[in-house]
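Participant: Residue numbers (my numbering), protein chains in the order written: chain R, 6 to 273; chain X, 559 to 826.
No wet-lab data here; the hints were simulated from the structure. Hints are supplied without guarantee of correctness; some may be wrong.
[Claimed, not checked] Some chain X residues close to chain R (C-beta under 8 Å, calculated; not the full set):
1. Leu622
2. Val781
3. Phe784
4. Leu785
5. Leu788
6. Tyr791
7. Leu792
Every residue gets a Cβ at the ideal spot worked out from N, C-alpha and C, and that includes glycine.
Read off the chains here:
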Amino acid sequence: MSCWETIADYGLRSLGIGERVLPREGFTLCQQFTLIGSGMLWNIYFGVLALSAGFFLATAVALGKASNNVVIRKSSAWFIFLFRGSPLFIQFFFAYFLFLALKPISPIFDPFTSAWLGALIVLFLNTAAYSGEIFYGALQSVPRGDIEAADAYGMSGWARFKRVTWPTMLRLAWPAYTNEAIFLFHATTLVYFSGFPAWQQRGDALYYANFFADKTFNPFIPYPILAFYFILLTLCIISLFGLINRRLNRHLPQEARAKMKLKLNVIR
Amino acid sequence: MGLYWSFGTVLLLLAITAPTALAFGFGGASAARSRIAPLRLFGKGYIAIVRGVPDIAFFLFFVLALDIFFEWIRHEIKCPDWTDSIWQGNDFVVCDVAKLPMNNAPQWIHETYGFFLAVLTFAIVFGAFAANVLYGAMRAVPHNQLETAEAYGMSRRQVYWRILVPQMWVFALPGLSNLWLVLIKATPLLFLLGVEDIVYWARELGGSKTPRFTDYPHGDWRVWYFLGLLIFYLAFTRVSEIVLDKVMRKLTHGQATMAGEAQRKAAA
Numbered sequence: 006m007s008c009w010e011t012i013a014d015y016g017l018r019s020l021g022i023g024e025r026v027l028p029r030e031g032f033t034l035c036q037q038f039t040l041i042g043s044g045m046l047w048n049i050y051f052g053v054l055a056l057s058a059g060f061f062l063a064t065a066v067a068l069g070k071a072s073n074n075v076v077i078r079k080s081s082a083w084f085i086f087l088f089r090g091s092p093l094f095i096q097f098f099f100a101y102f103l104f105l106a107l108k109p110i111s112p113i114f115d116p117f118t119s120a121w122l123g124a125l126i127v128l129f130l131n132t133a134a135y136s137g138e139i140f141y142g143a144l145q146s147v148p149r150g151d152i153e154a155a156d157a158y159g160m161s162g163w164a165r166f167k168r169v170t171w172p173t174m175l176r177l178a179w180p181a182y183t184n185e186a187i188f189l190f191h192a193t194t195l196v197y198f199s200g201f202p203a204w205q206q207r208g209d210a211l212y213y214a215n216f217f218a219d220k221t222f223n224p225f226i227p228y229p230i231l232a233f234y235f236i237l238l239t240l241c242i243i244s245l246f247g248l249i250n251r252r253l254n255r256h257l258p259q260e261a262r263a264k265m266k267l268k269l270n271v272i273r
Numbered sequence: 559m560g561l562y563w564s565f566g567t568v569l570l571l572l573a574i575t576a577p578t579a580l581a582f583g584f585g586g587a588s589a590a591r592s593r594i595a596p597l598r599l600f601g602k603g604y605i606a607i608v609r610g611v612p613d614i615a616f617f618l619f620f621v622l623a624l625d626i627f628f629e630w631i632r633h634e635i636k637c638p639d640w641t642d643s644i645w646q647g648n649d650f651v652v653c654d655v656a657k658l659p660m661n662n663a664p665q666w667i668h669e670t671y672g673f674f675l676a677v678l679t680f681a682i683v684f685g686a687f688a689a690n691v692l693y694g695a696m697r698a699v700p701h702n703q704l705e706t707a708e709a710y711g712m713s714r715r716q717v718y719w720r721i722l723v724p725q726m727w728v729f730a731l732p733g734l735s736n737l738w739l740v741l742i743k744a745t746p747l748l749f750l751l752g753v754e755d756i757v758y759w760a761r762e763l764g765g766s767k768t769p770r771f772t773d774y775p776h777g778d779w780r781v782w783y784f785l786g787l788l789i790f791y792l793a794f795t796r797v798s799e800i801v802l803d804k805v806m807r808k809l810t811h812g813q814a815t816m817a818g819e820a821q822r823k824a825a826a
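Kindly generate the complete structure, drawing on both the sequences and the hints.
Facilitator: Now the structure itself:
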């Protein structure tokens, strides 16, 4: 079987399209590359959706934590502590079993027990909490002069927020937010290792890498392939976020622009 | 009973891993700023590689890789006249005496060996992060201090041990305490490594072997176990934060930093 046929058969295997039966023996390098790459689709799906939805909740949470209202401030702070203070792993487990327990109550909860929705919600809340903290920190360090200038122009309320506070906050938070994005993508590998089952062996990249490592008892091929894919993904994220960073900083003189400093963090 | 023991396992892992990782980190940081080029390269390479790849891939990879590595070393020593390749097709084969742990070893040795591998893996991964923190901290110690020490006629080694190392902790502590919080959150990954930790037990106690079929005669209790775990981790995080805060205040005492200065002024 040529490599093209393998790609045709297994390229979309993680979505359930193509060959049903996973290869049993005589694993070729091409099969490993194809299947792990097809698993990456799930990692990208989780990462992109959680990140883009989480962005809005994160802004809300950051504003909430900085708010004058005690109830809003406390609940935002607790939300952040809850998700940053506990392992993502346990959050996945807890959510999965919570949804399982809710299942008999109403059929609405049916899709929640499968990874595509349940895990997505957990990742969404998790990234909202982590980026909320980042945005909150940035919000605290918005220069007072900027706000005063906005006041001098007669801006207030929504206009001031939209045109001054928010862009400055994003600009300050962006390098840290890039790291968060990278880490969110790394964290997506946890999905199928927690409670969420991989239905019909449709898993993410790590699921397939682990599958090959288990079958061949040779971790030196699948895991480096996985690492290769992730480094590629990380480079894409860095360049995309770098472009946005350039745009956010475009009004500043060259030397004052925030440098993107990559500081890789660890497990969440 | 197993559940209570597993809490002990987690605490034991933390107690052993933290100092080991710190030692690894110290070694890595010292190597990274060594004057000998290969050693420096090794230190920097260690830090860079471990930090670049998703953590849990590392956990999955290292346990297998270390296991193979140890068996291979023992194989080379104990059975020098073995002629076959150790890779037979997809199987990894070593002679019987080189097996680790021995096939006829009692169960507790197997468990201890698994635990030992887990500790080593954690130490390698977190050692790299600690090395990065300590490396930064060593560079943050004011240069004048080192120059003064040299002016007093101290040798390079004396400067390192008497001036640099005692002073770097205050710079390292914020990073290290962050790392500690991360380490706490990483312990549920133990269950992936096959050690019977609390996550393992929380899953077992739920009763069902197949989480996909969810018709229980009683309610699904696992939600509550995981809720308990969530609270355990949150409480643990909170207590650690408070303790680390205290330590930081102790360490800042008498240091030539802003916080140290503030403390001095407050006391006076």
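Participant: For each hint, tell me whether it holds in the structure or not.
Facilitator: Here is how each hint holds up against the structure:
1. Leu622: holds (4 Å)
2. Val781: holds (4 Å)
3. Phe784: Hint on X/Phe784: holds, closest Cβ of chain R at ~4 Å, below 8 Å.
4. Leu785: For X/Leu785, the interface hint holds, since the closest Cβ of chain R sits about 6 Å away, which is under 8 Å.
5. Leu788: holds (5 Å)
6. Tyr791: Hint on X/Tyr791: holds, closest Cβ of chain R at ~5 Å, below 8 Å.
7. Leu792: holds (5 Å)
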